[in-house]
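Next come the chains, spelled out residue by residue.
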Amino acid sequence: MIPAASTSLSAHLLDVRAVSKRFAEKEVLKTLSLNVVAGEFLTLLGESGSGKTTLLRLIAGFEQPSAGEIWMNGERLDTLPPYKRRVNTVFQQYALFPHLNVRENIAYGLRANNTPKREIAPRVEAALAMVRMSEYSDAKPTKLSGGQQQRVALARALVNRPQLLLLDEPLSALDANLRKEMQGELKSLQREVGITFLFVTHDQEEAMALSDRIALLKDGGLEQVASPREIYAHPATAYAAQFIGQTNLLRGIVRSGIAECGALRFPTNSSDGPGLFSLRPERIFPASEVSGDPDSVRFSAEIRQQFYGGSTEVLELLCSDGQIVRARISAAGPLSGRQEFFFFAPDAIPVNR
Amino acid sequence: MYSRLYKLAVSLPPLFWVVLFLLVPYSLMFAHSFWVTQDGSIVHNWSLHQYFQLFTNPLYATVLFRTLRIAAFVTLFSLLLGFPLAYFLSFHAGPRKELLYQLVIVPLWVSYLVRGYAWKTILGTDGVLNGALEYLHITHEPLSALLYSPLAVVLMLTHIYTPFVFLPIYASLEHIPRPLVEASHDLGANSRFTFFRVILPLSMPGLLAGATFAFVLTLGDFLAPILVGGPSGTMIANVVQSLFGAAYDWPLGAAISVFILFITVGLLFCTERLEKRWTFQ
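Protein chains in written order, with the working numbering: chain A, 1 to 353; chain B, 1001 to 1281.
Read the hints as simulated data drawn from the structure, not as lab findings.
From a predicted model like this one, the values you see are computed outputs, not experimental measurements.
It cannot be assumed that every hint is accurate.
Pair ranges (Cβ atoms, derived) [claimed, not checked]:
#1 1191(B) with 269(A): 47 to 53 Å
#2 81(A) with 1175(B): 24 to 30 Å
#3 178(A) with 1093(B): 49 to 55 Å
#4 173(A) with 1110(B): 46 to 52 Å
Capping the alpha-carbon separation at 20 Å, the derived lysine to any residue pairs in SDA-like fashion look like this [said to hold, decoys possible]:
#5 84(A) with 1195(B)
#6 140(A) with 1223(B)
#7 84(A) with 1171(B)
#8 1276(B) with 1145(B)
#9 140(A) with 1097(B)
#10 143(A) with 1180(B)
#11 140(A) with 1112(B)
#12 143(A) with 1280(B)
#13 84(A) with 1274(B)
#14 1097(B) with 1178(B)
#15 1276(B) with 17(A)
Here are some, though not all, of the chain B residues that point toward chain A, as calculated from beta-carbon distances under 8 Å [what the hints assert, rightly or not]:
#16 1081
#17 1084
#18 1124
#19 1127
#20 1128
#21 1186
#22 1187
#23 1196
#24 1280
For each residue, glycine too, the CB sits at the ideal point set by N, CA and C.
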C-alpha cells in the first residue's frame, strides 16, 4: 500500500528496518521501516499516540525496539547505548541543565566526549553565534524566554556535530508568532549546517512548511512517505488526504471506467469495484468560469453555507443526492440558492481507505 | 480579605505557643548562662564565668569534640547509606519502588527506645553479634568493646537517622526531571559523568538537608550514650543533663546549651545559604 519511500540514489544515513515496539500489551510501532537520506529534513507527522515520539526515542536510544533493527551509516545503531550514538536530540521542553549557564550547557557534550580543552571554547562561541545567543552566554536557562531556551537547546545539540539531529516537537511550547519565526530559523539553520534533521510534529502546516519529506504515521504504521507536494497532490490513503490539507472524500462504485459517487459521475482510470476519491476543495469551480474541457464534470448543488476568508471563501454545497462537498473559490460576494459547479475528473484522486 | 479579628484569632494560639515554650525558656536559659552558683544556690551576679569555664576546663572540650566527631561520623555514615538507597529507589527500583519506600519508612514508627535496646541485644557480650563471631570461630571470647563505646553510639544513631537522611535526598532526586538525565546521555555522557555533573548537583539541596538533620539531631542526643555509650561514649547533652540534674549547676549547663545552640544555628544558617545556591527552579 505504501509507495516507494525514495527512488533517489543518495545514500541512506539511517535505516529503520522492520522495527516494532510494544509497551506491555500495547503495540506502539508495527513493523515499521523507514530510510532517512543524508542531508534531508524529514518530518515524522502524526496525531498523538501515532508512535512518532516512540520512533524518535528508539533512534536516540532511550528505548529498545521489541523487534527489528536500526542502522546508521552501515553500522548497527540500536545495540549502542545513547551516549555512543552520533545522534543528538532537541527535547520538547528543551531539558536544559538548570545548574549550568548557557555556555556550560553548550559545552556539556564536548566535555563529556573529552574534547581537547583548547577546542571547546571556540566551538562553544561559534555555536552561540550561530543561534545569536552570544550575549546570554553567562545566563542561567531559567532566566531565558522560551525562544531563547529553544536556541540554546539547538546550539547544545549542534555543537557536537551529530550526523543526525532529532527534534521532538521543539516548537510546540512556543506561542504562535514565535513559532513561525523559529520555523524559518530552523529551516535556514538546517541548510547552513547541512546536518540531517529528523523532526517530530503533530502540526501538518509546520510539517509542510519545513520538510523535504514527510513520513505520515498512523497507529504505529506508516501511511505515506513523500514530499509535502507529493502527499498533497497524490495522497495514498484517505487518512493522508484528510490529514494533509482539507479534502472531500467521494465514495462510490467504478463501472467500466466511470466512477459513480452519488450525483457525481466522472471518468476514472481505476479498476471496477468500490472506489474512494479525494477531491480538494480548491479544485471545484463555479460554472460561471465555464470550461469546455471534455474532462470537466458538471454538477448542480445548493449553497448551504458560505465561510468568508479574505481572498478565498469556502462554500458548503448540498448535492442533489444529499452528499455535502466543500469548494474553495476566489471571493465572489454573497452567494445563495442552487448553482452549477464543475471540476476536472483527473483532480479526483483515487485513494486507499 | 480577612477581618483583623479573624487574623488575630488564628495567629494567637501559635504566637502564644512560641512565646511560652520557645521565647521564655530560651531567654531564661540565656540569662542563666551569665549567672553563677554559690553554696548550692543560683546567684544573679552577671559574669562570663561559665563561658570561661567551658573553654578552659579540658573535660568539657573533650566531650564537646567527641560529640562533634560522633555527629560527623553519624552524618557521614547515614549519607553513605541513605544516598545510594535513595538513588536506587528513585532511579532503578521500578515497580518495587512503593514497597521499598514503605520499608525504609517503617522503622520510623518504632519507638526510639526499642531501637536503642535492640542494639544492646546485638552488641552486648552475650549479644547476637558476639554469638555469631564465636560460632564462626572468628573470636574465642566475647568482645566487650562493642557495647558501651563511641562506636556503639555511632552505629545506633546511624541506624536511627538514616531514614531522616534518606527522605530529603529521595525527594530531591524525585524532583530531577528525567529528560535532563536523558539529555545528558544524549550528549554523550556515560552514567558516571551524568551522576557527577547532573544528578549529584541537582540533589544537593536534599543532601544538605539530610546531612543537617543527622548532624544537628546527633549533636543534641543524650539517650544513645545512656543506652549504648558507656563512660567513653558520653556526649555533651549528657553533661548538660547532669548539670541540670544531680550536679545542680544550672548556669554552666545553660552556658553549654547556649554554645550548642549557637553552633546549631550557625550550621543551619550555612546550609540554608548553600541550599539556596543549589536550588534552580
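Which of the listed hints are not met by the structure?
-> 1, 3, 6, 7, 8, 9, 11, 13, 15, 16, 17, 18, 19, 20 and 23
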